[in-house]
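Trainee: Letter by letter, the chains look like this.
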Amino acid sequence: MQFKTASSPFLKPPNSIQKMMLHVLVALVPALIAYVWYFGFGIIFNGLLAIATALICEACMLKMQKKDIVSFLSDYSAILTAVLLAFALPSHFPWYATVLGSAFAIIVAKHLYGGLGYNLFNPAMAGYVVLLICFPKEMTQWPTPQHLGLELDGLTSATPLDIMKTDLGGMQMMDEILLHPIFGSLGAHGWEWINNWIALGGIYLLFMKVIRWHIPVAVLAGLLITAGIFNIYDPAHFAKPSFHLFSGAAMLGAFFIATDPVTAATSNKGRILYGLGIGILIYVIRTWGGYPDGVAFAVLLMNMCVPLIDYYFKPIPYGHKKS
Amino acid sequence: MDVLLREAPHRFPGGLALPAMKDDSTSQRIAHPDLPSQLILPLKQHIGSDAIPLVKIGERVLKGQCIAAKEGSLSANIHAPTSGTVISIGLHPIAHPSAHAAQCIRIIPDGEDQWLDRPVTKRNWQILTPEEMVLIIEAAGIVGLGGATFPSDIKLKGLDEGCELKTLIINAAECEPYISCDDMLMREYAEDIIRGTQILMQATRAQRCMFAIEDNKPEAIRMMRNTLGELGDYRIELYTLNSVYPQGGEKQLIQSLTGQEVPVGEHPSSLGLLMFNVATTKAIYEAIVEDRPLLSRVVTVTGHGVAKPRNIEALLGTPAGELIEYCGGYTDTDKKTGTQEPKLIMGGPLMGVSLPNDSVPVVKAMNCLLVANKQDKVSATKQAKPCIRCGECATVCPAKLLPQQLYWYSKAQDYVETERFNVFDCIECGACDYVCPSHIPLVNYFRHAKGEIRHRNEQKQSSDIARERFILREQRLERLAAERKAKLDAKKKRIEQSKLDNKSTSHGSDKKDAIAEIMQRAQQKQSGDV
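Going line by line, the protein sequences match chains A and B.
Position 319, counted from 1, in the first sequence is what the working numbering calls 319; the numbers after and before it change by one each time, with no gaps.
Position 475, counted from 1, in the second sequence is what the working numbering calls 475; the numbers after and before it change by one each time, with no gaps.
Hint data in this document are derived by calculation from the structure and do not stem from the laboratory.
Heads up, some of the hints might be wrong.
[Unchecked claim] Quick partial rundown of chain A residues pointing at chain B, CB under 10 angstroms, derived from the structure:
| # | residue |
| --- | --- |
| 1 | Ala6 |
| 2 | Lys66 |
| 3 | Pro90 |
| 4 | Lys321 |
The C-beta atom is built at its ideal place from N, Cα and C for all residues, glycine as well.
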């Protein structure tokens, strides 16, 4: 009897990019529910718009590169980029801006660098930063969190990080700032819950071995330690570490954005350095930089350092140790 | 005496926990089928040069007769597995990834299974010297039966006089899924294996032995433990290993048992260690005690493509198809689909060799015949996606390499960097392939890179030699030209000198004399020197 031949190994790999992306999307579901609860359905609208834009842009770019459209679209990486971008945008964001952000992320940040696996910068963060620079006013118009039983005026209000930054700039002391009704026990109302659910999603991903612990732990450690040092030094002018950990996009950044394998460092030691760098930069930008939240910029800055990190952090192969 | 069961004290980095898939083939005892219709014995079933046939076509051979002798320093003998007639010595397809044909001796058994003359009583091995043992092992054509087929006598000879062997390691890990031949050997021949271990300890003058079995083989462990208890040899220590692939790799097993790494470019003997597979150990026992050369081996015939998987003690040279027939043949679905889906693999699903048809013979390296179909999840992968730099490959690599970097550089055909990233330390275990979410055929890239680098090194070497020869030639020619020039100069000088001399002594008519003298000399030269 005749047989078809092939080269070893013969076992079909059980994992695939599609499965990894699906796990990440599933991990975001709890956070999505919390988001909708506190901030309304805007995120779903933004999300769908971003996904549609992303898929169309990716299909066009793949066609131009003469690659197989179906197999690349079906690995869900474009969908994930769009969803992460939607998480970073306020619910009331104008639709044309969402489309622009998503298109930029896919076309420029991903495909102009070579497509899946070749991009230097995290596409979702690149798209977010472009929107931040082009639509600064709209990006700060976050809706007021609902269902909190708080007396808050207005349809939109500043985010907790925004409030923190403005008030610190206005030379107020931490105790006075924290009297603002938005601030809760850990971070701020609404926000801390979203961050909790995101952290839960992140733990789910760790469990499913889609991500490894090095980057999230390093990011949070970098942020925690830096914030802790400054808070101990001058508690009146520097926010508590717990505030930093549970506000803004810290958890999203630690578990979902910094862990993007394509743009992160590859060796475990390198990843710890990468994560620490992101954590420290998040704190620096939040405290002294021009923007209330520093996750996006921190990630992009460390993306630039990744080739250097990879060059210097290589394991010693078997038998090469000089005993 | 209750034998202590120890756990391997260390771990090797990376590795995969794979489903064992050994239940199907271990439910029955090892089978001993009748003689096959023909025996095809390749002249090369070992590392090294082909053996040279000692028999002619038409000659009748007896069981155990040496039919091909080892040639050169790295080679092994081939013996007739049963009595019969040699019908051809020529090309036949062999079990090799390229599916090419090689020189084989074909024998038709005569059914009598008549042995060569050999002593009736068992040999008392305890009085043999190590050198005598090595000679017997060499004559018996024993090679590593774990799959590497390195001639065992040369492994033993490789121990220099000054090199002190501290520990003998018996590798009974059998880490690859589906393969269970070593497991069954331990269950049924535990005493022979232990005697073989003792023989090897005597042959190597080792004081200690570590016998290592993976913990997914509880019956084998129990059997070895009980038998060791009965025979009572305190020097043989029984270890259980984590069932992680590739635990049975030589380097990985040494790391698990001793925590040491074999330095690159050296052998385990530099650490005072020597490792033998458990099946090889049993074969050595048979050769030394029963004067039985290597004539057969246990083969696991398994996979969802075969009706009744089991382990078979097959004569070397049995056509693979006959073994599968003995196991109930191919399952119906494969017969219906014909050739497309199932694969016939010699070895395991990660490091095995895919065979083109089932007429290839059983050889010393064949530990398993895996007829794998869809249910065994060996379907061909679709187009590989780009690398997403997830790093899982580096996480599982047991040699602590960076498969990702190796992939990028070999894809870019930058072989200098590929070599710098130690591609030659890759043991081609396939763990990185298994975890890659982009389904990139990593091992194939590395194999290709290794071949390319070797080829380039060879080319570089021959061009280096050519360049040296050219330079030497140029130098030689220069030297000859210089010599010639020097001679010419000297001659000119002489002539001038004599001219001067003549000038100083006389003028005018002396000129005519001088000319006459010169002409005389020239004539002399012409007549004399020619």
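Trainee: What are the numbers of the hints the structure violates, in ascending order?
Mentor: 2 and 3
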